[in-house]
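Undergrad: Spelled out, the chains give:
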Amino acid sequence: MAEINCPICNRLNKDEAERCWYCQAVLHPEKKNADGSSDWLDGFRQENTETPFEESNEASAGSDESPEDVPDWLARIRQREQLEHGGEPEQNPDGEKDTLDWLRSAVGNESPTESNTFKPAEVNEPAPTESDNDADWLGKLQSWQEESSEPNKSPAPEHPFEQEPKPSFSGPSNQEPDWLNEFKSEAAQSEPLPPEKQPDDSSTGDKPSPENISAFEQEPKAPIAEEPIIEDSIPPTDAIGFSIPEGNVVKPSSPEPDWLTDFQSLDETKDLADQVMPKPAVEEPVKAPFSGRDIMDWIDKDRSTPEEKPENAVEQVEVPQGTDEGIEPAKLPSWLQALRPDKSKRGIAGSTTSSDLNQKSPLAGIEGVLQDSVIGQFYTRPQTYANTLKITPEQENHLQRLQNIAGEARWEAQESVESKRQSSILLKAVVSLLLIGVIVFTVLTQKNSLVEPTMYSQPVVETFNIISALDPAKPVLIAAEFDSGLYGELKWSSESLLQQLMARNIPIAYLSTTQAGSTLFQATITDLARKNQDYSLADHTLNLGYLTGGTVGLQALANDPRGTLPLTTLMKPAWTDTPLQNTEKISDFSAVIVITENADTARYWIEQVKPSMGKTPLLVVISAQSAPMLQPYYDSGQVNGYIAGESGGTAFEKMAGVEGSSTSHFSAYQSTLILLVVLIFVGGMISLVLSTPSPERSDKNQS
Amino acid sequence: MTLDANLIWTIVSLVLTLFIFSYLFGDNILFRIACAILVGCTAGYLFVLIIYRVILPKLVVPLIEGSLIVLVPLFLSGLLLTKLSPKLSRLGNISMAYLVGAGAAIAVGGALLGTLFTQITGAVNSFAINDGTTKGINGVIVLESAFFLIGTISTLVYFNFTARSKDGQPAKRSPIVNLFAWIGQFFIAITLGAIFAGVLTSTITALIERIDFIITTISGFFG
Amino acid sequence: MRSPIVPIIGFLTGIIILAGYFVPSPVLEAIRTPMLDWAVILSGVAGLIAIFHLVFGVHGRRLRDPEKSHVFSFIVILVFMLTVAAGIFFGINHTGFQKVVTAIQMPMETSLMAVLAVTLAYSSLRLLQRQRNWMGFVFFIAVVLYLLVNSGIFALVTDITALRGLVAGISQAPLAGARGILIGVALGSLLTGIRILIGSDRPYNS
Numbered sequence: 001m002a003e004i005n006c007p008i009c010n011r012l013n014k015d016e017a018e019r020c021w022y023c024q025a026v027l028h029p030e031k032k033n034a035d036g037s038s039d040w041l042d043g044f045r046q047e048n049t050e051t052p053f054e055e056s057n058e059a060s061a062g063s064d065e066s067p068e069d070v071p072d073w074l075a076r077i078r079q080r081e082q083l084e085h086g087g088e089p090e091q092n093p094d095g096e097k098d099t100l101d102w103l104r105s106a107v108g109n110e111s112p113t114e115s116n117t118f119k120p121a122e123v124n125e126p127a128p129t130e131s132d133n134d135a136d137w138l139g140k141l142q143s144w145q146e147e148s149s150e151p152n153k154s155p156a157p158e159h160p161f162e163q164e165p166k167p168s169f170s171g172p173s174n175q176e177p178d179w180l181n182e183f184k185s186e187a188a189q190s191e192p193l194p195p196e197k198q199p200d201d202s203s204t205g206d207k208p209s210p211e212n213i214s215a216f217e218q219e220p221k222a223p224i225a226e227e228p229i230i231e232d233s234i235p236p237t238d239a240i241g242f243s244i245p246e247g248n249v250v251k252p253s254s255p256e257p258d259w260l261t262d263f264q265s266l267d268e269t270k271d272l273a274d275q276v277m278p279k280p281a282v283e284e285p286v287k288a289p290f291s292g293r294d295i296m297d298w299i300d301k302d303r304s305t306p307e308e309k310p311e312n313a314v315e316q317v318e319v320p321q322g323t324d325e326g327i328e329p330a331k332l333p334s335w336l337q338a339l340r341p342d343k344s345k346r347g348i349a350g351s352t353t354s355s356d357l358n359q360k361s362p363l364a365g366i367e368g369v370l371q372d373s374v375i376g377q378f379y380t381r382p383q384t385y386a387n388t389l390k391i392t393p394e395q396e397n398h399l400q401r402l403q404n405i406a407g408e409a410r411w412e413a414q415e416s417v418e419s420k421r422q423s424s425i426l427l428k429a430v431v432s433l434l435l436i437g438v439i440v441f442t443v444l445t446q447k448n449s450l451v452e453p454t455m456y457s458q459p460v461v462e463t464f465n466i467i468s469a470l471d472p473a474k475p476v477l478i479a480a481e482f483d484s485g486l487y488g489e490l491k492w493s494s495e496s497l498l499q500q501l502m503a504r505n506i507p508i509a510y511l512s513t514t515q516a517g518s519t520l521f522q523a524t525i526t527d528l529a530r531k532n533q534d535y536s537l538a539d540h541t542l543n544l545g546y547l548t549g550g551t552v553g554l555q556a557l558a559n560d561p562r563g564t565l566p567l568t569t570l571m572k573p574a575w576t577d578t579p580l581q582n583t584e585k586i587s588d589f590s591a592v593i594v595i596t597e598n599a600d601t602a603r604y605w606i607e608q609v610k611p612s613m614g615k616t617p618l619l620v621v622i623s624a625q626s627a628p629m630l631q632p633y634y635d636s637g638q639v640n641g642y643i644a645g646e647s648g649g650t651a652f653e654k655m656a657g658v659e660g661s662s663t664s665h666f667s668a669y670q671s672t673l674i675l676l677v678v679l680i681f682v683g684g685m686i687s688l689v690l691s692t693p694s695p696e697r698s699d700k701n702q703s
Numbered sequence: 001m002t003l004d005a006n007l008i009w010t011i012v013s014l015v016l017t018l019f020i021f022s023y024l025f026g027d028n029i030l031f032r033i034a035c036a037i038l039v040g041c042t043a044g045y046l047f048v049l050i051i052y053r054v055i056l057p058k059l060v061v062p063l064i065e066g067s068l069i070v071l072v073p074l075f076l077s078g079l080l081l082t083k084l085s086p087k088l089s090r091l092g093n094i095s096m097a098y099l100v101g102a103g104a105a106i107a108v109g110g111a112l113l114g115t116l117f118t119q120i121t122g123a124v125n126s127f128a129i130n131d132g133t134t135k136g137i138n139g140v141i142v143l144e145s146a147f148f149l150i151g152t153i154s155t156l157v158y159f160n161f162t163a164r165s166k167d168g169q170p171a172k173r174s175p176i177v178n179l180f181a182w183i184g185q186f187f188i189a190i191t192l193g194a195i196f197a198g199v200l201t202s203t204i205t206a207l208i209e210r211i212d213f214i215i216t217t218i219s220g221f222f223g
Numbered sequence: 001m002r003s004p005i006v007p008i009i010g011f012l013t014g015i016i017i018l019a020g021y022f023v024p025s026p027v028l029e030a031i032r033t034p035m036l037d038w039a040v041i042l043s044g045v046a047g048l049i050a051i052f053h054l055v056f057g058v059h060g061r062r063l064r065d066p067e068k069s070h071v072f073s074f075i076v077i078l079v080f081m082l083t084v085a086a087g088i089f090f091g092i093n094h095t096g097f098q099k100v101v102t103a104i105q106m107p108m109e110t111s112l113m114a115v116l117a118v119t120l121a122y123s124s125l126r127l128l129q130r131q132r133n134w135m136g137f138v139f140f141i142a143v144v145l146y147l148l149v150n151s152g153i154f155a156l157v158t159d160i161t162a163l164r165g166l167v168a169g170i171s172q173a174p175l176a177g178a179r180g181i182l183i184g185v186a187l188g189s190l191l192t193g194i195r196i197l198i199g200s201d202r203p204y205n206s
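Protein chains in written order, with the numbering used here: chain A, 1 to 703; chain B, 1 to 223; chain C, 1 to 206.
Quick caveat, the hints were computed from the structure, so don't treat them as lab data.
Ideal placement from N, C-alpha and C gives every residue a C-beta, glycine not left out.
Keep in mind that the hints are not guaranteed to be accurate.
Said to hold, decoys possible - Short derived list, chain B residues pointing at chain C, Cβ under 7 Å: (1) 7; (2) 9; (3) 39; (4) 40; (5) 45; (6) 116; (7) 207.
All chains, please: the whole structure from these sequences, using the hints.
TA: Have a look at this one:
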């Protein structure tokens with residue numbers, strides 16, 4: 001498929017396409033420029049229907065402009081112009097709109113100067129679309145061109161928009177905004193375009209003069225994507241050759257600025273840029289995509305004074321025109337060229353002048369694009385806001401009142417917390433005194449217990465029976481698996497059992513997997529041996545010492561007791577010439593008695609050692625806190641009997657017919673427990689009756 | 001009166017006991033000093049105990065006697081000592097793996113053979129329909145055993161929180177599971193109540209023992 | 001990727017020891033017995049390392065930290081050193097050295113339990129204040145009931161057979177829940193042990 005280059009952006013397009021896919025410029029201006037009108041005017045002449053958003057009208061690109069596409073304001077302008085110039089108002093019953101009619105009328109009467117003139121015919125610009133609506137303003141533009149070319153016949157300046165533009169518009173004054181009224185006065189002075197130069201449209205109006213068009217040069221070039229565009233002030237899409245994002249077009253909510261009148265008072269000898277586009281006021285921040293901080297360094301650095309810039313001016317790289325080698329340079333439309341700042345005024349405009357800037361920046365090679373004043377106008381620092389909160393005096397009064405109320409509530413809460421704390425301390429003191437008082441009283445008075453225990457639990461009975469039936473020739477292995485915390489309870493509970501063993505001269509070998517067990521047990525049997533002179537500790541007891549490793553040590557003991565504990569604490573052989581000399585394995589013991597306060601320790605012995613014991617009974621002396629967890633093992637037969645706590649020890653003593661430590665302290669024990677029951681019951685009833693739960697707690701309990 | 005060593009130690013015990021009892025009035029420096037002494041003593045005693053009961057008889061003496069097999073635990077112990085150094089601690093992972101592997105295997109074996117099988121067997125054997133004393137089925141035993149079996153199962157179900165989720169509905173257990181869990185709460189409450197009562201009992205016994213010691217000691221001072 | 005040697009050692013050790021529970025083989029027993037003995041020794045060494053870390057790692061660091069109060073750490077380290085020195089000097093079997101346990105350790109730990117009794121008694125007064133649901137109420141009733149059972153006051157009703165049976169039944173009631181808890185604990189131990197053996201959990205990898 002044949003392809004052609006776009007005259008504007010020089011990109012490849014299909015030959016059959018009428019407009020460039022990228023910049024929407026007309027690809028075949030020679031077809032449309034039959035009447036010799038300027039190429040750049042073709043862009044203005046394009047119909048509204050030729051916008052890229054209206055695909056249905058692409059086929060009719062270059063055809064007549066439909067009446068409904070011409071904006072109302074443009075139609076009114078044309079009508080006014082026609083009236084002023086003696087022409088019939090254009091018959092536009094449907095509100096025929098023309099593109100850039102305002103431009104035509106604005107620039108039609110001005111005499112162009114040398115610097116403002118341009119030769120649209122000298123550049124390859126898209127031909128204007130022939131239509132009745134374009135005739136008037138095109139004619140005016142052409143007449144303007146003729147006027148400009150006649151005096152000096154100089155080539156089109158590169159920057160025709162630099163000089164003061166003096167646009168003039170014509171139209172009915174009673175319907176137009178103020179700025180248009182002013183244009184009327186100027187347009188009335190302009191000469192009508194020659195018929196052959198006029199465009200096909202019937203709208204009248206002054207042709208834009210180079211001076212007027214120079215106003216566009218100073219127009220702030222807002223980024224299309226981010227700045228909303230006032231619909232009435234910009235011609236339709238394809239007229240100028242760039243596309244307007246659909247969402248950015250907004251209706252003007254305020255009257256158009258009187259910008260054209262300002263141009264009349266411009267002083268040509270001074271900096272036009274500053275005169276045309278003064279720096280914006282502080283209270284009107286320009287919505288720009290970049291803030292002053294975000295400006296890239298290469299832009300920021302190069303902001304030098306206007307006086308300095310001419311010294312650092314860099315010559316623009318001249319692009320050879322029409323060279324045989326390489327790509328033919330693009331021929332920019334005259335209006336686009338006019339928009340570009342003049343090289344000589346680069347310093348004033350504030351464009352980049354340093355060599356570094358031109359070589360390193362993204363716009364390298366393109367000279368004079370950025371304008372300091374433009375940047376200064378758009379790229380300003382963002383508005384900073386203070387952290388302080390602005391409140392009125394009334395609000396401050398409310399706040400003070402609220403603080404006072406909250407302060408009172410906080411103080412009350414602190415008071416209640418303090419009172420609660422004091423009450424809890426008092427209650428704790430009362431409970432302590434009660435308990436200690438009862439214990440002291442019963443210990444000192446040595447009163448008998450309130451109720452003598454007559455019910456003996458089955459495990460205690462079994463234990464007693466087993467102990468009574470032990471073979472005195474075989475030793476008993478005692479595991480003193482207790483820590484110092486509950487030593488008192490276990491000592492009282494096991495005392496009578498040990499006394500039974502001593503009374504029957506049964507050898508005892510003891511060990512411990514806890515660090516203090518064997519030492520404390522040794523102290524216990526030493527004390528008991530004083531009461532039983534016939535029992536020689538040296539002959540009948542053997543301290544196998546400390547067995548480390550927990551369950552690993554127990555499994556090792558069950559597997560090989562001789563190898564696990566070969567020596568006594570005196571570093572002598574434990575299994576030769578001792579009561580253990582006939583003992584090879586665990587099952588050779590007459591019984592294994594575990595004294596512990598921990599249910600887990602009892603469980604480890606049951607799990608690891610009991611399977612190796614065979615028929616050897618396993619008895620446990622356990623504290624009251626672990627007794628419920630031992631019940632299942634007793635029920636399953638793994639534990640043959642157990643003594644639980646003070647009550648179990650007392651029951652054993654009763655069964656054995658001795659009065660040991662358990663019995664002597666049973667009255668204190670029973671009294672204290674009954675007192676505790678009373679306290680708990682009364683406290684529970686009071687809690688139940690008096691205090692009410694919080695809603696959060698009740699919700700939690702119900703969930 | 002000569003100061004007997006036993007008397008001195010008794011006085012020390014009394015003073016330390018009173019230091020601990022001072023906590024009833026609130027946290028204070030005497031209580032903290034006593035706790036610090038307890039920690040130091042316990043650590044020191046255990047240190048000496050391990051040296052005399054484990055290291056010397058099981059490592060040093062066999063090595064002196066020429067046993068070569070003790071080189072393996074000696075090597076593993078050396079690797080374990082590298083745990084004290086942050087840089088070399090990774091070398092101790094081998095010994096730790098050995099210890100943990102042994103402990104895990106023992107835990108598995110003990111749980112299986114020592115608790116699981118035996119307890120399930122015990123729950124089943126409780127249904128001794130004929131207890132041998134009476135002819136026929138002892139209904140009381142059956143009821144009792146059924147009560148305990150339901151209690152055991154419902155306690156296990158209570159700790160089972162597996163739920164099935166349906167489309168658009170939150171995950172929840174089936175009604176039967178919920179019913180058993182509700183019943184299980186009842187048995188768990190009873191068991192925990194019994195355990196808490198046992199804890200109270202044990203601690204009251206310890207309190208009685210200490211007060212008895214204080215009274216005995218003080219009365220011994222005054223004849 | 002971490003080295004697989006460590007998990008393999010743990011796995012092999014565990015498998016050999018576990019197999020001894022189920023396979024009565026003399027060869028296996030010959031391998032298993034010294035392995036258990038080595039584990040006992042390693043446990044002792046691990047205890048030594050733990051003590052070193054506690055005394056010199058934790059309390060020693062507190063001594064070096066200028067911000068924290070180090071009086072009590074100083075006491076801990078001092079008492080530790082004195083105890084070790086006494087144990088090495090006198091020997092572990094010396095009665096004087098054993099007073100460390102019987103005259104220092106035991107009275108203090110028992111006293112701590114005694115103070116705990118007062119604290120628990122005070123907390124028990126507010127049982128129903130916190131748990132106001134039916135499970136809390138059952139717990140409250142169970143506590144009161146089993147305190148009475150432990151106190152032995154139900155001996156008053158031993159003459160009444162029905163009540164004696166009731167008291168016996170009350171004493172047996174925790175059996176069901178305890179059995180369920182024990183089975184649950186055993187299942188948890190079983191699963192945890194298997195996870196360690198197969199390498200899913202590696203608590204030894206630091």
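Undergrad: Each hint: holds or not?
TA: Here's how the hints hold up against the structure:
1. 7: 11 Å, violated
2. 9: 4 Å, holds
3. 39: Nearest chain C Cβ about 5 Å off; hint holds.
4. 40: Result: holds, 3 Å to nearest chain C Cβ.
5. 45: 5 Å, holds
6. 116: 5 Å, holds
7. 207: 4 Å, holds
In summary, the structure is inconsistent with hint 1 from the numbered list given earlier, while agreeing with all the others.
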